[in-house]
Amino acid sequence: MKRILISSAAVLALFASAIFAFADIARPNPSPAVEAKTLLYSGLEIVTDPKAYEARLQISQDALRRMQQGAAESGATTSLGTRLMHSSTRTMMAGMFMFLAVSFAGVWLARSGQRRNQKAVVGVLLIAAFLGAATVMVRANAGPPGYIRWQNLPQHLKDGKPTYGGVSVEVVPGDGNIKLIIPLRTKNQGE
Amino acid sequence: MERAENISVAGWSAPRARVGWRVSAKVFAAILLAGAFTSAALASWLPLQMSIATVFLFAGPHNWFEARYFLMRLPARFGRSRNFFVVAFAGIFLLTLGYISFPALYYANLWSGANWPTAIATWNSALLLWIAALIVMRGRQTSRRDWFWALPVAFTLCAVNWLAPDLFSLAIVYVHPLIALWFLDRHLRRTKPEWLSVYRRCLLVLPVLLLGMLWQLSRTPSLADDNGLFWRITQHAGAELLPNVSSHMLVSTHVFLEMLHYGVWIVALPLIGASGAIWKVNTIPLARRTSGFPKLIGAFLVIGLFAVALLWVGFSANYSAMRDVYFAVAVAHVMAEAPFLLRMI
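Those protein sequences? They're chains W and U, same order as listed.
Residues 1 to 191 in our numbering are what the first sequence spells out, letter by letter.
Residues 1 to 345 in our numbering are what the second sequence spells out, letter by letter.
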């Protein structure tokens, strides 16, 4: 009887913990009425020129061609990472298969270990390398998040040094000016 | 006993390389290299034209040769391999049906194609799990093998597939032609082992050729896909999925691999006697055994020839539409390669 009571209490406590876990999930942001359309992902270099009188925006012919192409295809050029982030089903399925792969690889390794099969370890390492490469391919921007590159922008602007980082060219509704949004975090906003 | 059962004897011994005693390993290597270099040059020079011409001329015949080859590899009695073949044929049938149903449902306005990536990822996963099941079943047929590794590898590939289903399908398009080279390797190992080392050395030239093509063509402008047919060819090679890559490079690479694929099935394997004497039905175990089906097998091969002729008529009448139909239906031969290749390993 005592054991049943303790077990029931443990199960209830486990269910109760789910409430706290769910409570921690942030409320989803209301989706904007009109979304910006990404036409191109490219690099952006901000350079100071003490002799210039006007700010200038220079775009290569190739980038312009790709932007025109992107505008014509309207959204077909969204990066793989973006498409993936918008597809929870695919992410979940990939995660599930990843879980199965790791589980079965563990069983296989354990069996191979008994037979001293060294090739097994090499195989697992190859799979891990393949997965890593695939992740780089899918995310398309391996390495630290983009905003890291812009952290030194204020100092570089003061020193007259160039700063280089990634940029997504977006088309937004309306007739306003060209706007450059730099992901600059103050110290208390940093992750 | 198992070993004897697995080998469909007629395929390995009866026809024996008809030109084998006349062609030396060096001549064989020279033919291979000349074929590879000529294919690479033509595919790089005239990618769209070569794509149209090779599919028109060789798509049908290579399927016929493949079908005949598989019939020769099919044992007269399945014995302990019965379950293996049941899973193999069920998979080929169901997966082909699923693959063809996507465009069929779309053109019949029964499906908008809205969840295309999910649909194709599901199909790719089914294909991978089917192949994994065949590998595990084949591994269990002998106690010396432990092919359990196929499961984690298949699950890993499934995960990658769900991350980028379109790119995964494109990878299948590029990898499939290379499977023919594996068939040739296995066949040479059993019938012409003295050519095997030369053949494998020739295979080392392939990545060099491919890298050379990629390096040379990566700087070329994309092909003008201003008509429906050229657009279909560039899309098939992945131009839409890889917009920043020259479509000239993509189409050339794909055409080069396809030419190798056709070359192996139509020239190399029949040349070394792998397909048997083409017109002799009794080189096929199912037809030769006492309670066999020689007439049925003969009729199947003749109907196959009519299908090849019909394909040529279709290509002549409406090349673009026939090309789409062909590549949808031809997925069956892509899948049929898996069980028969496994039987040779």
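If you're looking for bench data, these hints aren't it; they were derived computationally from the structure.
From the three backbone atoms N, C-alpha and C, an ideal C-beta is built for every residue, glycine too.
Among the clues, some could well be false.
Covered by chain W, according to a simulated footprint, are these stretches of chain U (three or more residues, beta-carbon under 8 angstroms) [claimed, not checked]:
| id | stretch |
| --- | --- |
| 1 | 118-130 |
| 2 | 224-238 |
| 3 | 303-309 |
So the derived label-pair ranges between C-beta atoms look like this [as the list claims (entries may be wrong)]:
| id | chain 1 | residue 1 | chain 2 | residue 2 | range |
| --- | --- | --- | --- | --- | --- |
| 4 | U | Asp-185 | W | Ile-178 | 57 to 63 angstroms |
| 5 | W | Ser-88 | U | Trp-279 | 30 to 36 angstroms |
| 6 | U | Arg-145 | W | Leu-125 | 57 to 63 angstroms |
| 7 | W | Gln-58 | U | Lys-26 | 30 to 36 angstroms |
| 8 | U | Ala-171 | W | Gln-69 | 23 to 29 angstroms |
Hint by hint, here is what the structure shows:
Note: the stretch 118-130 of chain U has 3 residues with beta-carbon separation from chain W under 8 angstroms; the three-residue rule is met and the coverage holds. Beta-carbon proximity to chain W at under 8 angstroms applies to 0 residues in the stretch 224-238 of chain U; the threshold of 3 is not reached and the given coverage is violated. Judged by the Cβ-Cβ criterion of 8 angstroms, the stretch 303-309 of chain U is not covered by chain W as claimed, because only 0 of its residues qualify and three are needed. The hint said 57 to 63 angstroms for the Cβ distance between Asp-185/U and Ile-178/W, and at roughly 59 angstroms that hint holds.
Against the hinted window of 30 to 36 angstroms, the Cβ-Cβ separation of Ser-88/W and Trp-279/U comes to about 57 angstroms, which falls outside the hint. The hinted range of 57 to 63 angstroms is not satisfied by Arg-145/U and Leu-125/W, whose Cβ atoms lie roughly 22 angstroms apart. Between Gln-58/W and Lys-26/U the beta carbon distance is about 59 angstroms. The supplied range of 30 to 36 angstroms is therefore violated. Taking 23 to 29 angstroms as the suggested C-beta distance range, the pair Ala-171/U and Gln-69/W conforms, at roughly 24 angstroms.
The structure fails hints 2, 3, 5, 6, 7 (numbered hints given earlier, in ascending order).
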